[in-house]
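Line order of the protein sequences matches chains A and B. If you count the first sequence from 1, position 57 lands on 58 in our numbering, and the numbers rise without skipping. If you count the second sequence from 1, position 293 lands on 846 in our numbering, and the numbers rise without skipping.
Heads up, some of the hints might be wrong.
[Said to hold, decoys possible] Far from chain B by the CB rule (all over 12 Å, computed), these chain A residues:
(1) E12
(2) C50
(3) V61
(4) N71
(5) P88
(6) V153
[Claimed, not checked] No farther apart than 20 Å at their CA atoms in a straight line, the calculated lysine-lysine pairs in the PhoX-like style are these:
(7) A:K193 with B:K662
(8) A:K200 with A:K105
(9) A:K168 with B:K798
(10) A:K190 with B:K662
(11) B:K690 with B:K735
(12) A:K168 with A:K115
(13) A:K105 with A:K202
(14) A:K168 with A:K105
(15) B:K697 with B:K767
(16) A:K190 with A:K200
(17) A:K102 with A:K164
(18) A:K164 with B:K839
(19) B:K767 with A:K187
(20) A:K198 with B:K767
(21) B:K798 with A:K197
(22) B:K662 with B:K735
(23) B:K697 with B:K735
(24) A:K102 with A:K15
(25) A:K102 with A:K168
(26) A:K197 with A:K187
(27) B:K767 with B:K683
Think of the hints as simulated: they come from the structure by calculation, not from any bench. For every residue, glycine included, the Cβ atom is placed at its ideal position computed from N, Cα and C.
This is what each chain is made of:
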Amino acid sequence: MTAPVHEYIPETTKPFLQEVMERSGQMLTACYQCRRCAAGCTVGDETGCFTPNLLIRTVVLGDRETALNNELVWKCVSCYTCGVRCPNDIQTARITETLKKMAKERHAQPLQPKVAHFHDAFVESSIRWGRVNEMEFMGFYELKNALQEAKVNNYEAIVDELKEQAKLGLAMFKLGRMHFGFQMAKGRKEVKALYKKAKRKRAASSDANA
Amino acid sequence: MEIAYYPGCSLQQSSALYDVQSRRIFEELGVRLMEIEDWSCCGATSAGKVDDFLAVALPARNIGIAEDAGFTEMVIPCSACYSRTLVAQQRMADDTRLKEDINEEIGKKVRGNLKISSILESLLPIVTAKDFKPKVKRQFRELKPVCYYGCMLTRFPYTVPVPDRVENPRGMEQVLDALGIKALDWNYKTYCCGASAAVNDNQTSLSLMSRIMKDAVARGANCFVVTCPMCQMNMDAHQNAFCEKNDIEARLPVYFITELLGAAMGIAPEELQLDRHFIDGAQLLKESEKDERKEK
Numbered sequence: 002m003t004a005p006v007h008e009y010i011p012e013t014t015k016p017f018l019q020e021v022m023e024r025s026g027q028m029l030t031a032c033y034q035c036r037r038c039a040a041g042c043t044v045g046d047e048t049g050c051f052t053p054n055l056l057i058r059t060v061v062l063g064d065r066e067t068a069l070n071n072e073l074v075w076k077c078v079s080c081y082t083c084g085v086r087c088p089n090d091i092q093t094a095r096i097t098e099t100l101k102k103m104a105k106e107r108h109a110q111p112l113q114p115k116v117a118h119f120h121d122a123f124v125e126s127s128i129r130w131g132r133v134n135e136m137e138f139m140g141f142y143e144l145k146n147a148l149q150e151a152k153v154n155n156y157e158a159i160v161d162e163l164k165e166q167a168k169l170g171l172a173m174f175k176l177g178r179m180h181f182g183f184q185m186a187k188g189r190k191e192v193k194a195l196y197k198k199a200k201r202k203r204a205a206s207s208d209a210n211a
Numbered sequence: 554m555e556i557a558y559y560p561g562c563s564l565q566q567s568s569a570l571y572d573v574q575s576r577r578i579f580e581e582l583g584v585r586l587m588e589i590e591d592w593s594c595c596g597a598t599s600a601g602k603v604d605d606f607l608a609v610a611l612p613a614r615n616i617g618i619a620e621d622a623g624f625t626e627m628v629i630p631c632s633a634c635y636s637r638t639l640v641a642q643q644r645m646a647d648d649t650r651l652k653e654d655i656n657e658e659i660g661k662k663v664r665g666n667l668k669i670s671s672i673l674e675s676l677l678p679i680v681t682a683k684d685f686k687p688k689v690k691r692q693f694r695e696l697k698p699v700c701y702y703g704c705m706l707t708r709f710p711y712t713v714p715v716p717d718r719v720e721n722p723r724g725m726e727q728v729l730d731a732l733g734i735k736a737l738d739w740n741y742k743t744y745c746c747g748a749s750a751a752v753n754d755n756q757t758s759l760s761l762m763s764r765i766m767k768d769a770v771a772r773g774a775n776c777f778v779v780t781c782p783m784c785q786m787n788m789d790a791h792q793n794a795f796c797e798k799n800d801i802e803a804r805l806p807v808y809f810i811t812e813l814l815g816a817a818m819g820i821a822p823e824e825l826q827l828d829r830h831f832i833d834g835a836q837l838l839k840e841s842e843k844d845e846r847k848e849k
């Protein structure tokens, strides 16, 4: 006898759906697959037809592996078009944002590592100084990319990436759109305190889910 | 009149021209933008992808600063900062425990009576008032702009009161109307340029931007008008790349709404830093005025 494609395993299926719904604040079970989100999806052509409705279905079916690592989660640009068109008010971009965080917590290798590096580098820079310094943050972002590529000895990719960024940087410099003064907020202590609280909250909720 | 002003990181750096223009045109319109003291980064779209508490807490600090200084309205020209701050305010209003949690860590507490305005919300009542007309000194009737709103002015990750139509906003067209400029109708008003994807997923972003460009060209537009510094940077800095890749010949300047407002009120191009565009915008403005003189 062949095994069913989707076996119901209460211990894993239910908690996964529950966790995604709670953290994203979205009522995934309300989806009736009308595909208005799919029709409006900005990156629909870029995700190999893995549209928001399919992502919702994947989560509802408890398929954690597919849900955490697919083109949509990592290519979603958070344009929120799917959400404003959903007849059931499901904001799927909140789901992709939630799944990005869950993938990181499981130390899963993201399908598009640069996307994760970008957001991490941005937030780290804003916490460090209270304000984001574009050049410093881009430096850390490229460093994260380079370390990743160096792990697999892909030095050509590092050189190509740096060449591209240098080209844009030079053009920006010529137009006076590069800023050399350093930005910071005196109140960055408060920003750091908020960051620490966020970390404590994350730790507490992962203990609760464990 | 004085209102609170939150420039945000981008307006202090790569889009500093937008900061310069905003301060200048509001001054010309009789409004003083008061930059709030020691503001910090709003977390932009990245914070929401890294931590949910931070995504609310980072903009909350700035709301607290503005409220503590006694302001009742704060204008935020950057669409990302505007969106994040408005959402943070609404989330704290709906969840007092979250608000208290954040207030414990910050000196200037959030109360929740600040009106957070996009640049269009602040501009519209002024430019549609009767006494605005005499301020318009130059006419650019040859300009055929398409107004490009992008994502963050009308679509939010959380339910907030949206000040314009979600799928077909009209705010920028109304401002241009007041300047005697007729914007063209088109399909890609609220389409996404990819935002940070231009950096971290370049090919996807170039493909999105080329679609926006193609519709603008097909409609006969000769420029874009935007309010979002990220849309401006992307459509401007990457235009040669996505046009070459997609065999598009035309090149269209990408103006901030503040540039056209300033130019129409007779502020000099140098003062508006009009020379800081990747795709030249000064020439087109000059030409549209030349044509006018010929007509006379």
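Against the structure, the hints:
1. E12: Given a closest Cβ separation of 26 Å, the condition holds.
2. C50: Holds, because the least Cβ-Cβ distance between C50 (chain A) and chain B comes to about 15 Å, which exceeds 12 Å.
3. V61: For V61 (chain A), whose nearest Cβ neighbour in chain B is about 21 Å away, the distance exceeds 12 Å, so it holds.
4. N71: At about 14 Å from chain B, N71 (chain A) clears the 12 Å cut-off, so the statement holds.
5. P88: holds (14 Å)
6. V153: Consistent with the label, V153 (chain A) stays out of reach of chain B, its closest Cβ about 18 Å off (over 12 Å).
7. A:K193 with B:K662: holds (16 Å)
8. A:K200 with A:K105: Given that 20 Å is the threshold and the Cα spacing comes to 14 Å, the pair holds.
9. A:K168 with B:K798: holds (17 Å)
10. A:K190 with B:K662: Measuring from Cα to Cα gives roughly 15 Å; hence the hint holds.
11. B:K690 with B:K735: Satisfied, since the Cα-Cα distance of roughly 17 Å is no more than 20 Å.
12. A:K168 with A:K115: holds (19 Å)
13. A:K105 with A:K202: holds (16 Å)
14. A:K168 with A:K105: The hint is violated at about 31 Å.
15. B:K697 with B:K767: With Cα atoms ~15 Å apart, K697 (chain B) and K767 (chain B) stay inside 20 Å; holds.
16. A:K190 with A:K200: holds (15 Å)
17. A:K102 with A:K164: Since the Cα atoms of K102 (chain A) and K164 (chain A) sit roughly 30 Å apart, the hinted pair is violated (cutoff 20 Å).
18. A:K164 with B:K839: Roughly 36 Å separates the two Cα atoms, so the pair is violated.
19. B:K767 with A:K187: Measuring from Cα to Cα gives roughly 45 Å; hence the hint is violated.
20. A:K198 with B:K767: violated (47 Å)
21. B:K798 with A:K197: Since the Cα atoms of K798 (chain B) and K197 (chain A) sit roughly 45 Å apart, the hinted pair is violated (cutoff 20 Å).
22. B:K662 with B:K735: violated (44 Å)
23. B:K697 with B:K735: holds (7 Å)
24. A:K102 with A:K15: holds (19 Å)
25. A:K102 with A:K168: violated (32 Å)
26. A:K197 with A:K187: holds (17 Å)
27. B:K767 with B:K683: violated (37 Å)
Consistency with the previously given hints fails for numbers 14, 17, 18, 19, 20, 21, 22, 25 and 27, ordered from lowest to highest.
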